[in-house]
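The lines below spell out each chain.
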Amino acid sequence: AQKITQTQPGMFVQEKEAVTLDCTYDTSDPSYGLFWYKQPSSGEMIFLIYQGSYDQQNATEGRYSLNFQKARKSANLVISASQLGDSAMYFCAMPLANTGNQFYFGTGTSLTVIP
Amino acid sequence: GAVVSQHPSRVICKSGTSVKIECRSLDFQATTMFWYRQFPKQSLMLMATSNEGSKATYEQGVEKDKFLINHASLTLSTLTVTSAHPEDSSFYICSGAMSSRTYEQYFGPGTRLTVT
Numbered sequence: 769a770q771k772i773t774q775t776q777p778g779m780f781v782q783e784k785e786a787v788t789l790d791c792t793y794d795t796s797d798p799s800y801g802l803f804w805y806k807q808p809s810s811g812e813m814i815f816l817i818y819q820g821s822y823d824q825q826n827a828t829e830g831r832y833s834l835n836f837q838k839a840r841k842s843a844n845l846v847i848s849a850s851q852l853g854d855s856a857m858y859f860c861a862m863p864l865a866n867t868g869n870q871f872y873f874g875t876g877t878s879l880t881v882i883p
Numbered sequence: 004g005a006v007v008s009q010h011p012s013r014v015i016c017k018s019g020t021s022v023k024i025e026c027r028s029l030d031f032q033a034t035t036m037f038w039y040r041q042f043p044k045q046s047l048m049l050m051a052t053s054n055e056g057s058k059a060t061y062e063q064g065v066e067k068d069k070f071l072i073n074h075a076s077l078t079l080s081t082l083t084v085t086s087a088h089p090e091d092s093s094f095y096i097c098s099g100a101m102s103s104r105t106y107e108q109y110f111g112p113g114t115r116l117t118v119t
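Protein chains in written order, with our numbering: chain H, 769 to 883; chain V, 4 to 119.
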């Protein structure tokens with residue numbers, strides 16, 4: 769069965785420091801994608817970054833990067849130079865196998881950036 | 004980027020009444036729309052998937068007669084919570100996906116429903 773695991777319910781980071789949010793997954797699909805979303809207290813889901821399983825390089829988008837280790841089935845989000853506005857819930861997600869676009873979300877990590 | 008709106012953003016209703024939530028894709032055609040439910044401090048749980056012009060596909064455990072979904076056009080889907088009860092109070096989020104990029108979902112800002 770498909771599964772996404774986020775083992776850190778809450779994380780704290782000092783402003784301007786880097787932080788890594790963990791995500792491990794399990795899937796039988798040979799081709800898959802992994803997504804990270806940010807959900808601030810206002811509730812909207814903000815797309816951050818995408819990693820395809822066959823992508824040769826780790827995805828990067830500005831201060832966000834993915835530490836994708838396929839053999840370990842992990843896709844950790846790295847946020848560099850944390851800002852106060854990064855305080856939010858972060859969800860790892862992947863499409864369910866054979867559906868193409870139905871997402872399964874992890875339980876999320878609450879990140880608090882400390883000034 | 005693609006924009007999805009939801010209306011209303013907050014609604015309070017009395018137990019036994021019905022509430023309709025609209026989800027609109029503003030600058031793209033959403034061939035598929037998804038409805039999620041999120042309880043406080045929890046993850047998003049997919050309730051149903053709807054394709055334009057077709058009946059919605061509901062996830063296991065979601066009552067289709069209670070949560071009526073209509074996807075009448077490529078830019079509009081509605082979720083009607085019928086005979087709402089306090090346990091239906093939750094944050095409801097919709098998302099849309101284009102046929103050309105089905106793996107990308109664009110989320111609406113969510114609707115907070117409180118049933119008193």
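Calculated from the structure, these hints are not laboratory results.
Just so you know, these numbers come straight off a predicted model, no measurement behind them.
By construction, the Cβ of each residue, glycine as well, lies at the ideal position given by its N, Cα and C atoms.
Be careful, since some hints might not be right.
Unchecked claim - Residues on chain V that point at chain H, a partial pick, calculated with CB under 10 Å: (1) S12; (2) C16; (3) S46; (4) F94; (5) F110; (6) G113; (7) T114; (8) V118.
As the list claims (entries may be wrong) - Quick list of the computed label-pair ranges, beta carbon to beta carbon: (9) V:I15 / H:Y822: 15 to 23 Å; (10) V:K67 / H:K838: 32 to 40 Å; (11) H:R840 / V:N73: 26 to 34 Å.
For each hint, the structure was consulted:
1. S12: holds, 9 Å
2. C16: Since chain H brings no Cβ nearer than about 19 Å to V:C16, farther than 10 Å, the hint is violated.
3. S46: This interface hint holds because 5 Å falls under the 10 Å limit.
4. F94: At 6 Å from the nearest chain H Cβ, V:F94 passes the 10 Å test, so the hint holds.
5. F110: Since the shortest Cβ distance to chain H is 4 Å, the answer is holds.
6. G113: holds, 4 Å
7. T114: Holds. Min distance 9 Å.
8. V118: With a minimum Cβ separation of about 18 Å from chain H (threshold 10 Å), the hint on V:V118 is violated.
9. V:I15 / H:Y822: 15 to 23 Å: violated, 47 Å
10. V:K67 / H:K838: 32 to 40 Å: holds, 38 Å
11. H:R840 / V:N73: 26 to 34 Å: violated, 43 Å
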